[in-house]
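J.: Residues per chain are reported as follows:
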Amino acid sequence: MPIISGVIASSKTGHLQPLAPTIGTATDGGTGTTVLVTYTPAATGPAATSFTATAYISGVSTGITATTSSTTSVTVSGLTAGTTYTFTVHATNTYGNSPESAASNSVAPIVPSSFTSIATITCSGGEANITFSSIPQNYTDLQVRSFVRSSYSGTTFSAFLGYINGDTGSNYSNHAMYANGNQTGALTFSQTSNSNIYGVWSPGNAGMPATSGLANTYAGHVWEFMDYTNTSKAKVIKMLGGVSQNQNATNSEGIGIGDTLWNNTSAISSITLFSGYNYIAAGTIFALYGIKAAA
Amino acid sequence: MATTTTNSAKTYTPISWTSLGSSTNTVTLSSIPSGYTDLRLVISGGVGAVGGNFGFQFNGDSGSNYSNRNLYASGTTPSSSYANNSSQINATYSTGGPVEPIVLEVDIFQYTNTSVYKTMISQFGNNQNSSAARTEVVAGLWRSTSAITSIVIQSNGILTGTTFGLYGILAA
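For the record, the sequence lines run as chains P and H. If you read the first sequence in my numbering, its first letter stands for residue 1, the second for the next number, and so on. If you read the second sequence in my numbering, its first letter stands for residue 1001, the second for the next number, and so on.
Any given hint could be a false lead.
Capping the alpha-carbon separation at 25 Å, the derived lysine to any residue pairs in SDA-like fashion look like this [as the list claims (entries may be wrong)]:
| no. | chain 1 | residue 1 | chain 2 | residue 2 |
| --- | --- | --- | --- | --- |
| 1 | P | K238 | H | T1018 |
| 2 | P | K238 | P | S153 |
| 3 | P | K292 | H | N1127 |
| 4 | P | K238 | H | T1011 |
| 5 | H | K1010 | P | A186 |
| 6 | P | K292 | H | Q1123 |
| 7 | H | K1010 | P | T27 |
| 8 | H | K1010 | P | G166 |
| 9 | P | K238 | H | T1160 |
| 10 | P | K292 | H | L1170 |
| 11 | H | K1010 | P | Y56 |
| 12 | H | K1010 | P | S151 |
| 13 | P | K238 | P | A294 |
| 14 | H | K1010 | H | I1148 |
| 15 | H | K1010 | H | Y1167 |
| 16 | P | K238 | H | G1168 |
No lab work stands behind these hints: they were computed from the structure. These numbers were taken from a predicted model, which means no experiment stands behind them.
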């Protein structure tokens, strides 16, 4: 029975089993606990019916595996965020497993960000205001990042104001500290009650550079609207912003940090922002993001 | 007419993470990818000597092309300052002793926009449970329209273990 014995011998030495696949890359799976492993089946030898990836830490098997019939990739689950893994892949058919592939590159799963872009408004110039409307209600906090300039051409630089849900009543109180223009030494503090958000009060302080200022210069602001859908609380807004223009002139530049209370428990569904003097200049950009806390 | 763009995409993407293996005066974050709108840099750690400004330069430019506007409280005393035509943006001034726990968050806006000068704002804090504590916010300007591809951070003996997390934020 030389042929039969030959088959048996071949099986024992793996000739009926697939050859080892060639490892591809291991990349973060985007969930914090998964990694996507790619591979290429052997071009010769018996066909495989499935592929199994095994996770290793420092070259030692974790016992974590994932099996698929895909000939290109498999997602390995049950990993730990921040832990570095390598992976091998073997192929399988009815006669058994191939040898393991070479080890993959190292990769650590990353907990995905909850910071989500919602909308961006890009100004062509001359806008009296901009409004983010129909704001989604499925985040915890909102952040507006703005890069702003005013069309005002005077020497007084314009403040940056806003209101919520179309409310221009006297329902806002603002507190801020700031340094302005060529001011040195003592700070300025302000407390106001009025009809707008003054994230940082006073012209020039974290406001918009006007066209009389240094060309190509915009102020940077980060506004944070906390717990914006909670109908049990009045709403708190924090703002940090400023601009340097290498000038020292009064009102030419400023840095400030402040907070606003909107004395209203309504969920925030729209935010309107505008320049306190004249109009918004071309190139101004407002970007809205949502931040979601853990459930 | 303003143009509105909407989407719902995850962002605040980790770009790089650096943990100092030894003390140094200079850390360079290079080969910064261009695929984001803003950058956020979070520094946590300490400096080893008094008098170290946390200074920022971009793209290796050490010319007099920087300015900054500072607002701070050192101990119990609030104050403010500015600097023009500087060789770096001074994001804070370390006032503490040889071990100074600090955190510094920096937002760099429109870092690839070649039509504008580059504006950054930062928040700094250190609290040593002593009168040397300092809190500071800063607006800085780099008068260049070049896209930022590298950031140099300079101080006076940045301590081993200080971390530098760089993130990209992409607008809709």
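J.: So, for every hint listed, does it hold in this structure?
T.: Comparing the hints with the structure gives:
no.	hint	result
1	P:K238 to H:T1018	violated, 29 Å
2	P:K238 to P:S153	violated, 29 Å
3	P:K292 to H:N1127	violated, 29 Å
4	P:K238 to H:T1011	holds, 21 Å
5	H:K1010 to P:A186	violated, 41 Å
6	P:K292 to H:Q1123	holds, 22 Å
7	H:K1010 to P:T27	holds, 17 Å
8	H:K1010 to P:G166	violated, 29 Å
9	P:K238 to H:T1160	violated, 33 Å
10	P:K292 to H:L1170	holds, 17 Å
11	H:K1010 to P:Y56	violated, 29 Å
12	H:K1010 to P:S151	violated, 33 Å
13	P:K238 to P:A294	holds, 21 Å
14	H:K1010 to H:I1148	holds, 23 Å
15	H:K1010 to H:Y1167	holds, 12 Å
16	P:K238 to H:G1168	holds, 22 Å
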